[in-house]
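Engineer: Sequence order for the protein chains is U and E.
Residue numbering for the first sequence follows this note's numbering, beginning at 1 and increasing consecutively.
Residue numbering for the second sequence follows this note's numbering, beginning at 1 and increasing consecutively.
Keep in mind the hints are simulated off the structure, nothing from the lab.
Some clues are possibly wrong.
Restraint ranges, calculated between C-beta atoms of paired labels, are given here [unchecked claim]:
1) U:Glu274 - E:Ala137: 22 to 32 Å
2) U:Arg385 - E:Ala175: 45 to 55 Å
3) U:Pro271 - E:Arg117: 43 to 53 Å
4) U:Ser448 - E:Ser125: 44 to 54 Å
5) E:Asp92 - U:Glu404: 22 to 32 Å
6) U:Ser448 - E:Arg196: 33 to 43 Å
Below, in silico cross-link-like pairs of lysine to aspartate or glutamate (DMTMM-like), each with a Cα-Cα straight-line distance of 25 Å or less [to be verified]:
7) U:Lys280 - U:Asp323
8) U:Lys280 - E:Glu107
9) U:Lys280 - E:Glu35
10) E:Lys171 - E:Glu219
11) E:Lys200 - E:Glu154
12) E:Lys200 - E:Glu172
13) U:Lys142 - U:Glu199
14) E:Lys171 - U:Asp102
15) U:Lys280 - E:Asp96
16) E:Lys171 - U:Glu71
17) E:Lys171 - U:Asp342
18) E:Lys56 - E:Asp96
19) E:Lys171 - U:Asp247
20) E:Lys56 - E:Glu35
21) E:Lys56 - U:Asp93
22) E:Lys200 - U:Asp316
23) E:Lys171 - U:Asp93
24) U:Lys59 - U:Glu81
25) U:Lys95 - U:Glu49
26) U:Lys280 - E:Glu154
27) E:Lys56 - E:Asp24
28) U:Lys133 - U:Asp247
29) U:Lys59 - U:Glu41
Selected chain U positions facing chain E (in silico; Cβ < 8 Å) [what the hints assert, rightly or not]:
30) Gln162
31) Val163
32) Asp338
33) Leu339
All C-beta atoms in this analysis are idealised placements derived from N, C-alpha and C, irrespective of residue type, glycine included.
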Amino acid sequence: MAASTRTLRRQLLAWLAAPLFVLWSISALVDYDIATRSVVEAYDRSLLETAFDIGRQIKVLDGRVYLDLPEVAVQMLQIRESGRVYYLVSSEDGKFITGDPDFPPQPEALSFEGANYYDGVYQGRPVRVVGVKMPVESGGYKGHVTVQVAENLAGRANSARQVLLRMTLPQAVLIMLAALAVWYAVGRGLAPLSSLQRELSTRSHRDLSPLPEEQAPEEVRPLIRAMNDLLGRLSQALAAQQRFIADAAHQLRTPVAGIKTQMELVLRQSPAAEAQATLKQLQNATEQTTRLVNQLLSLARAEPGAGRGQGVEPLDLVRLARDTTTEWVPRALSRNIDLGFDSPLAAARVEGDPFMLREMLNNLLDNAVRYTQPGGQVTVRVAPRARGVVLTVEDNGPGIPEAEREQVFERFYRVLGTGADGCGLGLAIVREIALSHGANASLASGASGSGTVARVEFPLAA
Amino acid sequence: MRIFIVEDDPVLADGLARSLRAADYAVDGTADGGEADHVLASQNFDLVILDVGLPKLDGFEVLRRLRRRGSRVPVLVLTAHDALGDRVRGLDLGADDYLTKPFDLPELEARVRALIRRGQSGGSSLITHGALTLDIAGRRATLAGEPLELSARELGVLEVLMLRSGRVVNKEQLAEELYGWDEEVGPNAIEVYVHRLRRKLEPSGVSIRTIRGLGYLLERPSNGG
């Protein structure tokens, strides 16, 4: 049996149906025995009646014993639905009086006190025989005759089969109805599991909160409790992992600050050209390390399960975006990039964590300023949309090929040939933070077909 | 000018000390919070650069004790944590400024200059920016020693820009600063003053840059041009 067929429903059905089938078989055997017995009794009784009927018509006239029945009546007696009945009337000393001449001989031990039944063979067929000794008192004659009647067994077998069918068929139907009831009941009984499954499959990956237990039946609760226990341990492990990343990044910051400071100092001492080239490379590497450390920290904070200290609050996205953009002006100017802000809205209320949202915009601006060529333009906008607001960061830099626009949201993915050194965590952070705000982050090309527009679409504050 | 550096990372402490000495500050330092507390209790400095994560006594505790003794010396806190809670805590305890590691050295130097200037409030009211000098108290500006003809409002705009040189000043802030000179100053009026000011400063090489949608910025002489 394939693994896929091991459903609970099938298993329950199998476990219920198999014993039922065994019980039904046993019951059929018992039924068969009962049916056979009652059929034998009924047929035997009827056979005996026939024997009596014949016996009562034995008359004696002038010392001659004979059957006082017209041929037609005898035939009526002999013919039955199960076939012909044979008979034999003999005298006390065993002499043939009347009947079927080659009647099977009676067993020797037969005493004929009362009715006697036995099986024999007549004309090559199995027959049931009854023999009875009957008194004959007629015309002064007083004595006994033996009347024997035989009939084919085929009729009995037929009847027994029919009785058996009538008894077992309703049982089989009952079993089938029981199976249907089980099938349906299992479905009904498993409904709490289906709702649990729905609850789990519609859940966001960042939601590690316990599953509701109150609605579930007693039998499902241990499962839910175990799952909740696992969820609890999972979120603890996740939190521990994020704490570790955050701690590691924090620990790295001080030595990186040291390297950075020393690097800037040595570059001020106008070293020889050769050394200067090397130092420039070292400085780039330091910058990259700095960025990676900061991004690791952001990511650890943005991920689900991170114990974010700051809560969600109503805030003005226009103001937050303008302030954050303002902080980037010196860096943009030092790269000769024209950074600007634009918003048709005076204010845009969203629910969010201001710290994380600033972090998100920082990452978008970092990408835009880093990858746009000197002399380029970067513009941050907050604009209304159908049901919410959209934050965009547009640049007229080299742009990102359409095929790669989804991949750049993955961690450590870098667009080839961009020249600038990044570590590819920025957009992963943007997406994490957007997700945790119910917002959607995507990339498109700029209005003129070149450059990049990063869009973060926010739902309106409730 | 005496600066006291409390930083337990020797590489960073050395880098800071050497850069500040190069800018003619007298620099002392320690790597130990307890010792820092002891030194700060007995000596006077013009600025303290304080790391938060210190052995024995953490930076916040050193700061708390310093302020409890009534010292008003400017304190620049350095920290590896940029969580908002940490920043707020530092400022609540009486820090004057806050830098997250790793920082750019010029940024630190600018903050140091600003803090020392603020610490000497009541002293000189002269601010210089390249060849440009502004006497806040005397309400006069000179360019390479030559007096610059500026209206009161132009001078007001220049003052705000110079006090925040290298940083963006938005129109609302400018309007707020100018408010009180007379009736309300609208954004269009601000544009006019900036335009006039820009023309008068043109020969000096000092430029006022318009930052789209954000405001104006007085470029540092180093990257002006």
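Engineer: Now tell me if each hint is right for this structure.
Structural biologist: Structure-based check of each hint:
| no. | hint | in the structure |
| --- | --- | --- |
| 1 | U:Glu274 - E:Ala137: 22 to 32 Å | 51 Å, violated |
| 2 | U:Arg385 - E:Ala175: 45 to 55 Å | 31 Å, violated |
| 3 | U:Pro271 - E:Arg117: 43 to 53 Å | 32 Å, violated |
| 4 | U:Ser448 - E:Ser125: 44 to 54 Å | 50 Å, holds |
| 5 | E:Asp92 - U:Glu404: 22 to 32 Å | 46 Å, violated |
| 6 | U:Ser448 - E:Arg196: 33 to 43 Å | 35 Å, holds |
| 7 | U:Lys280 - U:Asp323 | 32 Å, violated |
| 8 | U:Lys280 - E:Glu107 | 19 Å, holds |
| 9 | U:Lys280 - E:Glu35 | 37 Å, violated |
| 10 | E:Lys171 - E:Glu219 | 17 Å, holds |
| 11 | E:Lys200 - E:Glu154 | 10 Å, holds |
| 12 | E:Lys200 - E:Glu172 | 23 Å, holds |
| 13 | U:Lys142 - U:Glu199 | 98 Å, violated |
| 14 | E:Lys171 - U:Asp102 | 136 Å, violated |
| 15 | U:Lys280 - E:Asp96 | 33 Å, violated |
| 16 | E:Lys171 - U:Glu71 | 137 Å, violated |
| 17 | E:Lys171 - U:Asp342 | 14 Å, holds |
| 18 | E:Lys56 - E:Asp96 | 23 Å, holds |
| 19 | E:Lys171 - U:Asp247 | 41 Å, violated |
| 20 | E:Lys56 - E:Glu35 | 9 Å, holds |
| 21 | E:Lys56 - U:Asp93 | 134 Å, violated |
| 22 | E:Lys200 - U:Asp316 | 38 Å, violated |
| 23 | E:Lys171 - U:Asp93 | 146 Å, violated |
| 24 | U:Lys59 - U:Glu81 | 28 Å, violated |
| 25 | U:Lys95 - U:Glu49 | 23 Å, holds |
| 26 | U:Lys280 - E:Glu154 | 42 Å, violated |
| 27 | E:Lys56 - E:Asp24 | 31 Å, violated |
| 28 | U:Lys133 - U:Asp247 | 113 Å, violated |
| 29 | U:Lys59 - U:Glu41 | 29 Å, violated |
| 30 | Gln162 | 89 Å, violated |
| 31 | Val163 | 88 Å, violated |
| 32 | Asp338 | 7 Å, holds |
| 33 | Leu339 | 7 Å, holds |
In summary, the structure is inconsistent with hints 1, 2, 3, 5, 7, 9, 13, 14, 15, 16, 19, 21, 22, 23, 24, 26, 27, 28, 29, 30 and 31 from the numbered list given earlier, while agreeing with the others.
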